[in-house]
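J.: Here is how the chains run, residue by residue.
Number of protein chains: 2
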Amino acid sequence: MTDANPILAEMVRGNWVENRYRGAFAVVDADGRIIASAGDISRPIFPRSAVKSMQALAMVTADSIGRFGLSDEDLALACASHRGEDVHVEGVTHFLEELGLSKDDLECGAHAPGDSEARRQLRERHEAPSALHNNCSGKHSGMLSVALAIGAPTLGYVNRDHPVQVRVRSAIEAVIGEKLTEGRCGTDGCSIPTWAAPIEAFARGFARMATGKGLPHDLAAGAQRIFDAATRHPHLVAGKEQLDTVVMEAFGGRIMQKGGAEGVQCGAIRDKGWGYAIKCDDGNMDASRAMVAALLLAIADPDEKQAEVLQRWSVQTVKNVRGLDVGTVRAVEGVWA
Amino acid sequence: MTDANPILAEMVRGNWVENRYRGAFAVVDADGRIIASAGDISRPIFPRSAVKSMQALAMVTADSIGRFGLSDEDLALACASHRGEDVHVEGVTHFLEELGLSKDDLECGAHAPGDSEARRQLRERHEAPSALHNNCSGKHSGMLSVALAIGAPTLGYVNRDHPVQVRVRSAIEAVIGEKLTEGRCGTDGCSIPTWAAPIEAFARGFARMATGKGLPHDLAAGAQRIFDAATRHPHLVAGKEQLDTVVMEAFGGRIMQKGGAEGVQCGAIRDKGWGYAIKCDDGNMDASRAMVAALLLAIADPDEKQAEVLQRWSVQTVKNVRGLDVGTVRAVEGVWA
Chain A
42 MTDANPILAE MVRGNWVENR YRGAFAVVDA DGRIIASAGD ISRPIFPRSA
92 VKSMQALAMV TADSIGRFGL SDEDLALACA SHRGEDVHVE GVTHFLEELG
142 LSKDDLECGA HAPGDSEARR QLRERHEAPS ALHNNCSGKH SGMLSVALAI
192 GAPTLGYVNR DHPVQVRVRS AIEAVIGEKL TEGRCGTDGC SIPTWAAPIE
242 AFARGFARMA TGKGLPHDLA AGAQRIFDAA TRHPHLVAGK EQLDTVVMEA
292 FGGRIMQKGG AEGVQCGAIR DKGWGYAIKC DDGNMDASRA MVAALLLAIA
342 DPDEKQAEVL QRWSVQTVKN VRGLDVGTVR AVEGVWA
Chain B
42 MTDANPILAE MVRGNWVENR YRGAFAVVDA DGRIIASAGD ISRPIFPRSA
92 VKSMQALAMV TADSIGRFGL SDEDLALACA SHRGEDVHVE GVTHFLEELG
142 LSKDDLECGA HAPGDSEARR QLRERHEAPS ALHNNCSGKH SGMLSVALAI
192 GAPTLGYVNR DHPVQVRVRS AIEAVIGEKL TEGRCGTDGC SIPTWAAPIE
242 AFARGFARMA TGKGLPHDLA AGAQRIFDAA TRHPHLVAGK EQLDTVVMEA
292 FGGRIMQKGG AEGVQCGAIR DKGWGYAIKC DDGNMDASRA MVAALLLAIA
342 DPDEKQAEVL QRWSVQTVKN VRGLDVGTVR AVEGVWA
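Top line first, the protein sequences correspond to chains A and B.
Letter by letter, the first sequence follows residues 42 to 378 of our numbering.
Letter by letter, the second sequence follows residues 42 to 378 of our numbering.
Be a bit skeptical, because a hint or two may be false.
Note: identical chains are not told apart, hence a pair may lie in one copy or across any two.
30 Å max Cα-Cα, derived BS3-like pairs, lysine-lysine [said to hold, decoys possible]:
| no. | residue 1 | residue 2 |
| --- | --- | --- |
| 1 | Lys-360 | Lys-220 |
| 2 | Lys-144 | Lys-360 |
| 3 | Lys-360 | Lys-281 |
| 4 | Lys-346 | Lys-281 |
Bear in mind the hints are in silico, worked out from the structure with no lab data behind them.
If we strip away everything but chain A, and leave its shape as in the complex, we get:
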């Protein structure tokens, strides 16, 4: 037996707990005050796609937003882990056209769309998925806009030492108030670097982006623009029936919410000025979704309709092959506020 983060969610099958999901979370204000937390929030984690809105700040510091007259839709796609629906593929195609580029400039690689309807359509047309369908294609378009704006070559923009990634890294460091180091670095699913930092630092970063507090003027204004764009176009940020989308839709601008691979959930309760970050120790995504839903139920003052949306995610039905309800993935109670 060893010390560990607390159990924050479990899977129940029939009348018995089948799986246990441990993790840590922090809710922090822009001054770094801890509003709520559990587990080891000083542990550095890879934030993965949960910090795409922070990575998008390089578009602010390089002013590719002004240079190319980028729209809210473009910015929402830059923050997105999208599902490859038509609206996403068309949006990213348009974004790249605005830059005078095409899908051939994307270095994220191709994967099948997350959306089953989109996958079916591709198969029926006998088309292979392209880099446009990659859930990160909007983020990569944003990074390409940074390369163009600073006069760097677009080729190799995913590499750790490329001027684009140096800017992305600096933007994240500025908002989280921590140095990102090569001793805690990996390669993300879409081939850009991902940098580990403490859970509480990411939560504080989201609080700063929500409030502008502690940020230079351009980053403060840019962060507000990015959060506005994402929360006004939640469908572009994820897709139909996805947690990020339905939560942002339900809260109409009050909440910025974004998941990341391997059980990360980050965001901000904008009117309260709080940021939050959650990491499920074992990377389970369903469990991390149950966790963030339970957290928002506890701290975000949801109205009845918002609470209903969150409850659907805090207790998720598990179905078997024949579609029978066989259990639930659910957040534990009593640890969130």
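Position chain B relative to chain A; hints supplied.
T.: Chain B alone, transformed into the frame defined by chain A:
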């Protein structure tokens, strides 16, 4: 911070640990002596598909094996979580024909084959997957043979109170030496009941099946027949490039190995008379495969070639969308023997 099972595997991305997988395991002989263990091995877990060979013992007590002259291939399929390759679908079709039944009698439901080549072929033929492709279709054929042998209706054979499931439950109880209770019961992916029991009880059950010790004569002989069938036809038990298959192929009858959903791994080192059971707390399958590979490396006296096979599973490469090596899922060291 709370007490917890130890970390038995982790995912490393770049140079930093991204995920931690906790769990418990027991290696036990037929008398219940603990050879090796870690974590809480008295915790009841759902064994899921890892105990298909125990469930198949109902075919022994009902003597459907003798009644229908079932072959080793049929028995291997009864123990299988197969990938829906042609050889599996044809085998199960033949099994059902021997019983005078067809796929319409299966109550497991249909799902797409686990094997990508089989999925592709189905799509090209514009065919929907059938219950034959369900990874449990061989087990269900075995259960149908039990219904026929005991003169019970085949309809509803998946239900908890059906005479078939009563027999399956009794067979498991006989080998693990524990009562299975309705207070720890759930429905499996394929709609039959799954019963939770302590990890060490499943390990002891596999030791008894391997040795016959502590079992009535018919179960002892039947268990040997079932393990022989499975280890002689490892491809039927899982499929190409699957851990269960390649490990059993490498050990040529010395090891019975079977995975189950949500991070369960069970089996027996037959010549040593040891059974083992592993549960990954959070249900991660890759992590559970790393765990069982590390366990067998430590306790199964592998030769050089067998060790090579196990090493490929104890440290698994994680690739990203572009096929770059970005990390590993690997078992921890120093806890296995």
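J.: Of all the hints given earlier, name the ones this structure violates by number, lowest first.
T.: none
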